[in-house]
Structures are given as structure tokens and as C-alpha cells.
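For the sequence shown, the working numbering begins at 720 and goes up steadily by one.
Everything labelled a hint here was simulated from the structure, so no lab data went into it. One should not assume that every hint holds.
Cross-link-like lysine to aspartate or glutamate pairs, in silico, EDC-like; alpha carbons within 16 Å at most [said to hold, decoys possible]:
(1) LYS1190 / ASP903
(2) LYS797 / ASP903
(3) LYS1203 / GLU1188
(4) LYS1041 / ASP961
(5) LYS1190 / ASP933
(6) LYS1203 / ASP1164
(7) LYS1041 / ASP933
Simulated DEER-style distance windows between Cβ atoms [stated by the list, open to error]:
(8) THR1267 / SER927: 43 to 51 Å
(9) ASN1119 / SER815: 22 to 30 Å
(10) THR1284 / SER927: 17 to 25 Å
(11) GLU1101 / ASP852: 20 to 28 Å
(12) PRO867 / ARG1067: 38 to 46 Å
(13) SER927 / GLU1101: 22 to 30 Å
Just so it is clear, CB atoms sit at the ideal spot from N, CA and C, and this is done for glycine as well.
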Amino acid sequence: MKAKHSLFTCGSTLLMASLFLAGSISPVSARPAQDPSSPESPAASKTLYLPIATRPASYYVGNIEITQATQSLSASVKLVANRPTMARVYLRASGSSQINGINATLKGYRNGVLLGQITINNKSAYPLTVSTDALRADASKSVNYQLPSGWLNAGSVTLTISLSQTTSAPEETDSAGYHTASIDFNSTPALNVVAVPIRLNGIYGPASASYLQDALFRMYPVPAVNVTVRSVYNFYGNLKVDSTWDTLLDEITTLRDSDSSVTAGTVYYGVIPLRDASGYTWFSADGGIVGYGWVGYRAAIGVSDESFFISGYPGEYYLNGKDTAAHEVGHNFGRYHTYGCGAGNIDRYYPYLNGIIGQFGFRYSDLSIIPNTFNDIMNYCENQWVSDYTYNGLFNDQVNTLSAALLSAQDSLYIRASFGPDDSIELQPVYEFQSSPENPPESSDYHLQLLDETGQVIADHPVRVKTAEEKGHSTRSIHARLPKPDQPVAAVQLLQNGQIVASRSLQSAARQAFSAPTLSVAGDQVNLQWGTGDLPALVRYSADGGKTWQTTGVDALSGKFSLFTADLPGGALQIQVILADGGGTYTLDWNQ
């Protein structure tokens, strides 16, 4: 945002006023007089410099704040094109008394063409004894303009504000100035989210994901949040045990990596239900993990936004799924924790003490002001909003992530590695499918090597290690989509700083007991079976003739897997079984 100065007249007196985005009004100075005897003045004996007669305006624009969720008075927060925007104008009185009955007209221009104007009447100017923070904290103490949607397109917009005060004679006005500023709206991609409703242990949920759109849009620097609800994913495990969260996050990540319709920057968010059909919950009143997300990779999980009753606990218990989602997706955008309420893995560059947001927030849904003492969404405290520091970080990650070049879809190997609490590393089952391989990191301590039958390295790829941490529990994992070489791959090995730390053969003996998959229907289930061998499989289905696939089973064992017919779309489907470690891919047709 830029401040522009303008000259105006009030009666017969010449006045100078400015639009200040931060700070106070600068004084008007007379031209300095020159020494009449100075040889540098050629007409020193004939030239007389007189001071300009001035008087301060009785009221003026002290500050203006253009906000979409948060803003600083130095206008350090970037503005997003086509996002609802509020201009808050703060009027000041030059004397010690408040001045009422001020009319303020805001006009918008693009390339010199008038976009429109908004007039707000009967506002007040406040003396400097009222602090700027006191004005910012109270929506009634600013002139608030909701900028029309036609003003919010990408590019520069010039705003002008003219002030007047109606006197006892309606036709007479005391003009108090004309102020102008240029603001820039940045073209920013929308945020796409795939919500994964989870059915937990066949008992709980799935829960509604309808809260996700508002949970993210209110705090994220994007023009829109588009939420697509995916088919239900069945997960079996005890989420009262911290390590089970590692497993669930890994599986949701595998869904994201193996679903064939995922676009760059899409967040996969697993919605964890809290209660069963009777209202009973698995969650304990003594707490535990409520959300988990990778730092810098867009897959996360979190509890749903709902209230419930806990046996033996008085009253209704509520877990804030909205703030959980905003926090975990913040990790996906590369944000670390901020100080506050026991959070670890702290961003040491965070500028405000104790993790508060520092600047005043703005919630557009109800046009309310968020106190600057609220906590940043990236800590563990109550009363959360997004700080200007975090908001700009989210903006930069969204722009950079979606501007990165993507590799074309091709035959790929999907290789995963899990890290144990004792730093042991295990390579998980390897799958082959079409995908867009990830852009490799410029450098890494970890490399995946692909070997041929003679043990020779035929490909070497640096890979990223994903990390997640919540409430004293952390995990690391590798999920890598690598181009499949032209020659057969017989084994995979993982190196750390040049040393082999894990290996896996792609010539599994379990294939000896394998038989081609078969499909049968019993009641409300579709049952797949592919032999007695303990060969894991990835199970997917397609409702569009194989153009796109959704994964419904991850590392299915025992040579069988069941799908609930209620979780599948109607009509003709193709169901695909991808056997691990080079076991092959088999596609079956089924019509519900």
C-alpha cells in the first residue's frame, strides 16, 4: 500500500493533508529563508521569502487499514484478489474534543476509471488522547467500508476519501480534506481440500465435513476454499494410543498419493468422528491428540467439529474442530508452532511474545474485530486467530506451491519408509501406479536407490522426510513417488548420509501362493480375495471407466478385503487390486 499526498483548499486558506497508513500527520513547513548576504543567492538583496499561512484541519484521516483477516498499520499484510475486504478509516480531531457528524465518501478507481463510491454519514473524529489501538479494537470507532466485489480484481486500485461536516445550514459544509491511496490485490489460487470422512472401528461416524470450508476460509489468504467430500475411509485402531495417529496419518497420506485425480496443492484432510449413533464417544476427558499434520506436505487429520457427552464428565464436552483444522493445515503450509500453552517445535522467528497475534484480526462473516491479545492459530491456547506473520507465511506457501512445475503423470513406484521411536527405519510395501512424481529436494541426507537383479544401482533419488508433532508426540516418514525405470527393479534400499539403513526386495516369496483376485457380494459388502499368501495390496475403484481412481484399502493383508456397498457410488465400477512389491495390478468389473 502506498500513501499519496494531495493539496486542497478550505475556504481561502491553503491546507496540506495526507493519508497515513501508520503514524501521525506530518507538519506543513514554510520554505526556509535564505541569508540575504549569501553569494549563492543571485538576487539576495531583492528577494523576500514569506512563510505560508496555514491552519490545521479540524478533522482529518489519521490512519486507514485495509483488512481481509488481519492487517498491520504499516500495511505489511498482502491483499488477495477477489477476497472480501474491509477498509477501516480512522478519523482524528486536531483539538482535544471529539467531533461528530462527519460524512465520509470513499471512491475507487482502476486505471483512472471510477469504479463507484460509498458514502457513510454521521461518523466521529477522535482526539489524539484516544490511542490508535483503542480505535482499532472497536468497530464503531472507524468508518468501515465493505469494498464491492468489482473493486477486488487483481491489480492496483486507487482509493480516495473525502470528508465533510454538515453545519446548521444544510447547504454549507466545512471541507476537511481529500485523501488518496493505492492498494494492490494479488492473484492467489483458491485452496482445494479433499475431506476424507473416516469410519472408526466400524462404530464411530463418519462425521460431517461441512465445517471445513469456513474453518479455513476465515483465516487463510485465498479467494475461496473448495471442499470436496471423498468416499468414506474405514480405519481400525485405538486413537487413545498416540502411535495410532501415526498410522492413520500415513494412510491418509497414501490416499492422497495414490488417488489419481489429485491436483497440486490439494489438502487431504481426514475427519475423525467423535461419537457413535447413540452419542457415545471414544475420546477421553483427560485429553490427548486431537489433530496431526505434516509440516510442508498437504495431508492432515483432525477431530470433527461437534459436541458430545462423556460418561462420568459433567455437562456437554466440545472439541473445536474448526481451530484444529486451521492449525493442522497450517502445518501443511509449512508453519511451525508459535509460543503458547505447551507447544513444542517453535518457530523462533515469531515476532510476538507468548504467541499472541499482535495485530487486530477481522472476521468477515459477522464483521467483528478480533482482539490483538488472541492467540495465534499455530499454538495450543484457547481464543485463536491468525497473526499477520502467520497469514503472510500461508500466502507465500500457497503461491509457491501452486506455481511449482509439475511432472507429467507416468508409471511410478510409490515407496514409503516408517521411522520407529528408537530411530529404526523400515521400508513399507512398494506399489506401482500412474502418478505425477514429486519434484526432488535439492539436497537430502536420505536417498532411495533402485537396484536391478545383479544389485547394481539403476536410479538414485534424494527424498524428503516428512515430520509431524503434537502434544509431545512426533513422527517421521517418507512417502516418495518416483519414476519407474525402463529396466526391472529387483530391490529398493534407503541410505542415510551414504549408509544403507533399510532395504526391501521386490521379488516376494508370498507371490508363490497368489491366485488372481476374485469378487463376490454378500449382504452389504463386496468381498475381494486373491489367495492365501500374505502379500499386501492397495485397493482402488473407478466410477468413470478408469479415468480416475480412489483408494479405499491401504496395505490390505491376508489375501482379502471387503468394501461396504453404501460407501461406493452406484452404477458400473472398476475395482483394482495392486499387489505390493511388483506383484502386478488386476482390475475387476462390478455393477452395483
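Are the Cα atoms of LYS1041 and ASP933 separated by 16 Å or less? Holds - the C-alpha atoms of ASP933 and LYS1041 are around 8 Å apart, at most 16 Å.
Need the status of pair LYS1203, ASP1164: alpha-carbon distance at most 16 Å? Status violated; Cα separation ~22 Å.
State, for the Cβ atoms of PRO867 and ARG1067, whether the hinted interval 38 to 46 Å holds or is violated. Because 42 Å falls inside the window, the suggested range holds.
Given the proposed pairing of LYS1190 with ASP903, does the C-alpha separation stay at or below 16 Å? Not OK: LYS1190 and ASP903 at ~40 Å, beyond 16 Å, violated.
Range agreement (Cβ of SER927 with Cβ of THR1267, hint 43 to 51 Å): violated (24 Å)
Mind checking the alpha carbons of LYS797 and ASP903 for me, to see if they're no more than 16 Å apart? Between LYS797 and ASP903 the Cα gap is close to 8 Å, so the pair holds against 16 Å.
Taking 17 to 25 Å as the stated bounds, is the beta-carbon spacing between THR1284 and SER927 within them? For SER927 against THR1284, whose Cβ atoms are near 21 Å apart, the range 17 to 25 Å holds.
Between GLU1101 and ASP852, does the beta-carbon spacing fit 20 to 28 Å? holds (22 Å)
Within 22 to 30 Å or not, the Cβ separation of SER927 and GLU1101? holds (24 Å)
Hint consistency between LYS1041 and ASP961 [alpha-carbon to alpha-carbon, up to 16 Å]: violated (21 Å)
Holds or violated: LYS1203 to GLU1188, with C-alpha atoms at most 16 Å apart: The given pair, whose Cα atoms are some 32 Å apart, is violated under the 16 Å limit.
Going straight from one Cα to the other, do LYS1190 and ASP933 come out at no more than 16 Å? Violated. LYS1190 to ASP933 sits at ~25 Å, over the 16 Å cutoff.
Of the numbered hints given earlier, the model fails hints 1, 3, 4, 5, 6, 8, 9; all others are met.
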